[in-house]
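Below, each chain spelled out in residue letters.
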Amino acid sequence: GQQVMQIPQYQHVQEGEDFTTYCNSSTTLSNIQWYKQRPGGHPVFLIQLVKSGEVKKQKRLTFQFGEAKKNSSLHITATQTTDVGTYFCAGLFSYKLIFGTGTRLQVFP
Amino acid sequence: SQTIHQWPATLVQPVGSPLSLECTVEGTSNPNLYWYRQAAGRGLQLLFYSVGIGQISSEVPQNLSASRPQDRQFILSSKKLLLSDSGFYLCAWSVTGTSGEQYFGPGTRLTVT
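Taken in order, these protein sequences are the chains called A and B. Just so you know, we're using our numbering here: the first sequence kicks off at 1 and counts up by one. Just so you know, we're using our numbering here: the second sequence kicks off at 110 and counts up by one.
Extracted from the complex, chain B is given alone in its bound form (with noise of 0.2 Å):
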């Protein structure tokens, strides 16, 4: 069975410090795969999709940046954190080719102080 595996689970980082979050897929593969960040009791905003290793979609511009550099990895990442990167990072894969439903990891709750 296919399993999303993210890390770390929390963290609080300084403003100006760098980032990298991680997200794993097991049991499937060439999956779509997904960057989402959700501001306390907000929605869900798409910050990457990739469709295949390399292969990276941005819908926000700001200071974070994606990378995928293996089938099943895909990485969140940020030079120098503002304090409005705080949030809720989820990561979630897709079946490829398909328009199917999405599976998410167990997220990431970033502070940034």
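With the rest of the complex left out, here is chain A (with noise of 0.2 Å):
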């Protein structure tokens, strides 16, 4: 079956540091979402990529798709407390939504 996998599964940083956390899937994706989930909240949508090699950017989030559409990335620069949460990659199989394992970001002030 579909499988999508994020690394790393934790990561903690100094406020201000960089972050970037990775997907993979096991298949072609048709596109790729990403969701952040604040602690104790519901995943809210960031961003869709569906383009092969597409870029995009919100402020100091940055989302890329790779060539191959099995790959993607989020990087944020210059983290901020705000930041902190479970950040999901989903691709999309079909019109179902496969979540990856997530990453769970802290920020320390």
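Everything labelled a hint here was simulated from the structure, so no lab data went into it. A quick note: this is a predicted structure, and the numbers were derived from the prediction, not measured. Incorrect hints may appear among the rest.
Calculated pairs, SDA-like style, for lysine to any residue (alpha carbon to alpha carbon, straight line, at most 25 Å) [stated by the list, open to error]:
hint: 1; chain 1: A; residue 1: K96; chain 2: B; residue 2: S167
hint: 2; chain 1: A; residue 1: K36; chain 2: B; residue 2: T112
hint: 3; chain 1: A; residue 1: K96; chain 2: B; residue 2: G150
hint: 4; chain 1: A; residue 1: K96; chain 2: B; residue 2: G161
hint: 5; chain 1: A; residue 1: K36; chain 2: B; residue 2: N141
Join these two chains into a complex; the hints should help.
Structure (structure tokens):
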């Protein structure tokens, strides 16, 4: 079956440091979506990437979709305490989203 | 604007008791609807999805079932809860016929004792 893996599982950074999470799929994806879940909350959509090699930016966040459409990354520049949470990638297979295992980010002030 | 509701917010149930969790969506028609379960500190597991009234697809064999009696209502049920059913249950919707983003409800934290 379809699997979406993320690394690392946890990341602790000092405020101001950069952070990257990587997402890999066992099969080619129609698109990839990224979600953020704050502690105790529900996942909130961040962005969707559709095209091979696509790069999108949202302020300090940069999202990339691999050329083969099997991997993706999220990079946060100069983390802030508000970035704390778990970041999930999710690969679209037909109309089902298969969520990655998530990367939990902790930012120390 | 669209809104998704889930209730209850928290639930503590004994093993062997029945379960009914409800999810409703407002402000959209014929949405795709989803039930996910999230174990503590883990990812999201897709349990059921529905593309229309009465149409339910099950992703994981278990003692849970889902129903969609109305266009914007999605219900998750169990006749007899197991300890392993504990978790955070999330309902989500997406626009029908698209591959776009999913919007999640606030979730129900279920503890089976």
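request  = Could you work out which earlier hints the structure fails to respect and list their numbers in ascending sequence?
outcome  = none
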